[in-house]
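Engineer: Based on the sequences and whatever the hints tell you, model everything.
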Amino acid sequence: MTLPSPPPTTEPAMKIRVSGLKAWFGTHEVLKGIDLPIPAREVTAIIGPSGCGKSTFIRCLNRMHELVTGARSEGQVLLDDTDVYAPEVDPVLLRRRVGMVFQKPNPFPSMSIRENVLAGLRLTKRMGGRKPAEVCEKALRQAALWDEVKDKLDKPGTSLSGGQQQRLCIARTLAVDPEVVLMDEPCSALDPIATARIEDLLHDLRRDYTIIIVTHNLQQATRVSNRTGFFLQGELVEFDLTDKIFTSPQDRRTEDYITGKFG
Amino acid sequence: MSAPAPEVALPAVAARTRAQRASGPGERVIELGLAACSAVSIVVTVGIVLVLVFEAAEFFRAVPLTKFFGDTEWTPLFKDNQHFGIWPLVMGTLVTSAIAMAVALPFGLLAAIYLSEYAAPRTRRMLKPALELLAGVPTIVYGYFALTVLTPFLQQFIPGLAGGNMLSPGIVMGILIIPMVSSLAEDAIYAVPDSLREGALGLGAGKLPTILRVVVPSAWSGIAAAMTLAVSRAIGETMIVAIAAGNQAKFTTDPREPAETMTAYIVNISKGDIPNGTLEYRTIFAVGLVLFAMTLTMNLITYRLSRRLRAQSRA
Numbered sequence: 001m002t003l004p005s006p007p008p009t010t011e012p013a014m015k016i017r018v019s020g021l022k023a024w025f026g027t028h029e030v031l032k033g034i035d036l037p038i039p040a041r042e043v044t045a046i047i048g049p050s051g052c053g054k055s056t057f058i059r060c061l062n063r064m065h066e067l068v069t070g071a072r073s074e075g076q077v078l079l080d081d082t083d084v085y086a087p088e089v090d091p092v093l094l095r096r097r098v099g100m101v102f103q104k105p106n107p108f109p110s111m112s113i114r115e116n117v118l119a120g121l122r123l124t125k126r127m128g129g130r131k132p133a134e135v136c137e138k139a140l141r142q143a144a145l146w147d148e149v150k151d152k153l154d155k156p157g158t159s160l161s162g163g164q165q166q167r168l169c170i171a172r173t174l175a176v177d178p179e180v181v182l183m184d185e186p187c188s189a190l191d192p193i194a195t196a197r198i199e200d201l202l203h204d205l206r207r208d209y210t211i212i213i214v215t216h217n218l219q220q221a222t223r224v225s226n227r228t229g230f231f232l233q234g235e236l237v238e239f240d241l242t243d244k245i246f247t248s249p250q251d252r253r254t255e256d257y258i259t260g261k262f263g
Numbered sequence: 001m002s003a004p005a006p007e008v009a010l011p012a013v014a015a016r017t018r019a020q021r022a023s024g025p026g027e028r029v030i031e032l033g034l035a036a037c038s039a040v041s042i043v044v045t046v047g048i049v050l051v052l053v054f055e056a057a058e059f060f061r062a063v064p065l066t067k068f069f070g071d072t073e074w075t076p077l078f079k080d081n082q083h084f085g086i087w088p089l090v091m092g093t094l095v096t097s098a099i100a101m102a103v104a105l106p107f108g109l110l111a112a113i114y115l116s117e118y119a120a121p122r123t124r125r126m127l128k129p130a131l132e133l134l135a136g137v138p139t140i141v142y143g144y145f146a147l148t149v150l151t152p153f154l155q156q157f158i159p160g161l162a163g164g165n166m167l168s169p170g171i172v173m174g175i176l177i178i179p180m181v182s183s184l185a186e187d188a189i190y191a192v193p194d195s196l197r198e199g200a201l202g203l204g205a206g207k208l209p210t211i212l213r214v215v216v217p218s219a220w221s222g223i224a225a226a227m228t229l230a231v232s233r234a235i236g237e238t239m240i241v242a243i244a245a246g247n248q249a250k251f252t253t254d255p256r257e258p259a260e261t262m263t264a265y266i267v268n269i270s271k272g273d274i275p276n277g278t279l280e281y282r283t284i285f286a287v288g289l290v291l292f293a294m295t296l297t298m299n300l301i302t303y304r305l306s307r308r309l310r311a312q313s314r315a
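Protein chains in written order, with the working numbering: chain W, 1 to 263; chain G, 1 to 315.
One should not assume that every hint holds.
[Said to hold, decoys possible] In silico DSS-like cross-links for lysine-lysine, where the CA-CA straight-line distance does not exceed 27 angstroms:
{"id": "1", "chain 1": "G", "residue 1": "K207", "chain 2": "W", "residue 2": "K131"}
{"id": "2", "chain 1": "G", "residue 1": "K207", "chain 2": "G", "residue 2": "K67"}
{"id": "3", "chain 1": "W", "residue 1": "K125", "chain 2": "W", "residue 2": "K155"}
{"id": "4", "chain 1": "G", "residue 1": "K207", "chain 2": "W", "residue 2": "K104"}
{"id": "5", "chain 1": "G", "residue 1": "K67", "chain 2": "G", "residue 2": "K79"}
{"id": "6", "chain 1": "W", "residue 1": "K125", "chain 2": "G", "residue 2": "K207"}
{"id": "7", "chain 1": "G", "residue 1": "K79", "chain 2": "G", "residue 2": "K250"}
{"id": "8", "chain 1": "W", "residue 1": "K22", "chain 2": "G", "residue 2": "K207"}
{"id": "9", "chain 1": "W", "residue 1": "K104", "chain 2": "W", "residue 2": "K150"}
{"id": "10", "chain 1": "G", "residue 1": "K207", "chain 2": "G", "residue 2": "K128"}
{"id": "11", "chain 1": "W", "residue 1": "K155", "chain 2": "W", "residue 2": "K131"}
{"id": "12", "chain 1": "W", "residue 1": "K32", "chain 2": "W", "residue 2": "K22"}
[Claimed, not checked] Reference excerpt, derived from the structure (chain W facing chain G, CB under 7 angstroms, subset only):
{"id": "13", "residue": "R96"}
{"id": "14", "residue": "M100"}
{"id": "15", "residue": "N106"}
{"id": "16", "residue": "F108"}
{"id": "17", "residue": "S110"}
{"id": "18", "residue": "R114"}
{"id": "19", "residue": "G120"}
{"id": "20", "residue": "L123"}
{"id": "21", "residue": "T124"}
{"id": "22", "residue": "V176"}
For the record, the hints were derived by calculation from the structure and aren't laboratory data. C-beta atoms are modelled at their ideal positions from N, C-alpha and C, and glycine is treated no differently.
Structural biologist: See the structure below:
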């Protein structure tokens with residue numbers, strides 16, 4: 001058995017612990033009781049066919065799921081040791097700790113590149129004494145976009161290419177200094193070159209952030225993640241080190257999916 | 001804003017419909033009938049503009065443009081002291097319209113934000129038609145409301161408010177156009193993609209900052225289109241100002257004073273006993289032409305903005 005790169009620590013600290021998570025849209029049960037521990041400072045990939053609940057799953061982690069009319073959930077999600085569904089937890093504050101990058105790049109069209117990066121801090125009135133130029137440069141460097149945009153920070157964010165827009169959205173998410181970054185198929189609207197850039201970026205980001213990425217692309221999961229969870233019809237079929245999932249899956253259904261028998 | 005060009009597919013569609021449509025004499029008759037119907041409105045519009053231009057040209061043969069735009073007195077009916085300066089009428093129109101916009105903009109925009117972002121679907125379904133009902137009240141009713149209810153009421157608080165004044169018809173006109181502003185602005189706000197709301201909420205922004213700093217700015221071109229259309233409606237509104245603004249062509253910006261708007265002047269002359277073909281009579285065409293130019297400008301701006309909005313929401 002080959003070891004994933006980089007080799008995981010023997011018993012990594014858990015950043016998020018999910019237990020008995022169920023979610024519904026109206027009467028349709030999308031998640032049927034998920035138990036999943038997510039290690040800190042690793043990339044965890046969530047794979048599975050369309051409609052298996054993987055997007056809903058990560059949207060439950062920062063309580064974006066409940067924003068949809070008719071959507072609800074139950075179960076426990078512990079971030080460090082706080083239950084994010086506890087009544088005293090403000091979902092708005094939670095989302096500052098658990099950031100999100102969406103499937104389609106969604107820079108704010110009324111804002112420049114600079115304003116997009118600073119949007120999170122400004123919208124939450126947390127600029128404080130921070131210097132806008134420094135925050136902006138740091139986040140754009142982290143998102144590997146700085147060199148491409150440093151001379152046109154005042155251009156609209158929507159003037160960038162799709163891949164650049166997505167990295168801008170990543171910079172925007174990192175600028176608010178989250179602990180966890182959720183990524184919902186962040187490359188599905190991008191070409192292979194832009195995808196490769198974002199994957200490279202993930203390698204750097206996992207040193208500082210806990211990253212959970214939903215992906216349709218199995219190769220992407222093997223390239224970027226330490227661990228992989230396979231979802232099928234609202235259930236977590238298998239969760240293990242990525243290398244193990246892709247070389248010796250324990251469950252027949254996982255094997256069928258990764259070998260392309262369905263999906 | 002670079003809009004994609006879906007028009008590329010259109011010539012093929014046009015060719016197909018051309019090939020299909022000569023499928024019988026009956027079809028042809030129907031098609032001609034429909035074409036005639038749509039031609040009527042164009043012909044009528046062109047006719048109106050031509051009459052306006054020809055009559056106004058007659059007027060400007062007698063009164064030079066320098067006098068028309070260079071004088072601040074408008075007394076075409078005074079036999080021995082005739083002045084033809086358009087500015088008092090323009091000022092009356094602008095002040096009443098500005099008051100109307102000052103009322104309609106905040107209320108219309110806030111109503112739009114409430115309807116699209118806060119109201120439950122059921123509330124929205126009930127409130128929107130109710131608000132639009134406001135626009136269905138005949139303007140003459142609004143006019144009498146301004147004259148007989150609002151003006152006496154305001155006179156209790158505002159010293160020096162004349163019986164006919166610009167303030168109260170302005171306010172009532174604003175109420176009249178609230179539904180227009182709110183309905184169009186709501187369409188624009190509603191059309192903002194959810195991905196932008198999610199983007200802001202995902203950053204930990206509260207609902208209000210998300211709406212005010214992300215959603216509304218993204219709907220800006222649609223909101224601006226609603227505004228320009230509302231301005232054009234206020235400029236063209238006639239009955240309310242004819243009844244309640246006092247009908248004295250004064251060059252003033254004081255809303256407590258009476259004034260006469262361009263539209264009110266046209267009403268007063270055309271319903272009076274000024275003989276056809278006289279210079280006095282032709283003033284209404286000159287004023288009408290200015291009015292037409294103003295509303296046309298606003299409508300063109302609206303058209304531009306809403307095209308930009310469509311291009312945006314397609315992207």
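Engineer: If a hint holds in the structure, say so; if it doesn't, say that too.
Structural biologist: We went through each hint and held it up to the structure:
1. For a cut-off of 27 angstroms, the pair hint linking K207 (chain G) to K131 (chain W) stands: about 26 angstroms separates their Cα positions.
2. Of the pairs offered as hints, the one joining K207 (chain G) and K67 (chain G) is violated, with about 56 angstroms between alpha carbons and a cut-off of 27 angstroms exceeded.
3. Proximity of K125 (chain W) to K155 (chain W) is assessed by CA-CA distance (about 23 angstroms); at most 27 angstroms being required, the pair is judged to hold.
4. For the suggested pair K207 (chain G) and K104 (chain W), the alpha carbons sit about 21 angstroms apart, so the restraint of at most 27 angstroms is met.
5. At roughly 17 angstroms between alpha-carbon atoms, K67 (chain G) and K79 (chain G) fall within 27 angstroms of each other, so this suggested pair holds.
6. With a C-alpha separation of about 13 angstroms, the suggested pairing of K125 (chain W) with K207 (chain G) holds against the 27 angstroms cut-off.
7. Distance hint between K79 (chain G) and K250 (chain G) is fulfilled; the C-alpha atoms sit about 18 angstroms from each other, no more than 27 angstroms.
8. Under the criterion of a C-alpha separation no larger than 27 angstroms, the hint pairing K22 (chain W) with K207 (chain G) is consistent with the structure, at around 26 angstroms.
9. A hinted pair counts as satisfied when its Cα atoms are at most 27 angstroms apart, and K104 (chain W) with K150 (chain W) qualifies at roughly 23 angstroms.
10. Taking the CA atoms of K207 (chain G) and K128 (chain G), the gap is about 22 angstroms. The hint holds against a cut of 27 angstroms.
11. Pair hint K155 (chain W) plus K131 (chain W) holds up; C-alpha atoms about 20 angstroms apart against a cutoff of 27 angstroms.
12. The straight-line distance between the Cα atoms of K32 (chain W) and K22 (chain W) is roughly 5 angstroms, inside the 27 angstroms bound, and the hint therefore holds.
13. Satisfaction of the interface hint for R96 (chain W) is found here, the shortest Cβ-Cβ separation to chain G being roughly 3 angstroms, below the 7 angstroms cut-off.
14. For M100 (chain W), the suggested interface contact is upheld, since its CB lies about 4 angstroms from the closest CB of chain G, less than 7 angstroms.
15. With a least beta-carbon distance of about 4 angstroms to chain G, the hint placing N106 (chain W) at the interface is held under the 7 angstroms criterion.
16. Hint status for F108 (chain W): holds, given a least beta-carbon distance of 5 angstroms to chain G, under 7 angstroms.
17. Below 7 angstroms, beta-carbon pairs count as interface contacts, and S110 (chain W) has one with chain G at about 4 angstroms; its hint therefore holds.
18. A least Cβ separation of about 15 angstroms between R114 (chain W) and chain G goes past the 7 angstroms threshold, and the interface hint is therefore violated.
19. A hinted interface residue such as G120 (chain W) counts as satisfied when its beta carbon comes closer than 7 angstroms to some beta carbon of chain G; here the least separation is about 4 angstroms, so the hint holds.
20. Hint status for L123 (chain W) relative to chain G: holds, with the closest Cβ pair at about 4 angstroms, below 7 angstroms.
21. Because the beta carbon of T124 (chain W) sits about 5 angstroms from the nearest beta carbon in chain G, less than 7 angstroms, this interface hint is met.
22. About 6 angstroms separates the beta-carbon of V176 (chain W) from the nearest beta-carbon of chain G, less than 7 angstroms, and the hint is met.
Violated hints, listed in ascending order, are 2, 18; each of the other numbered hints is respected by the structure.
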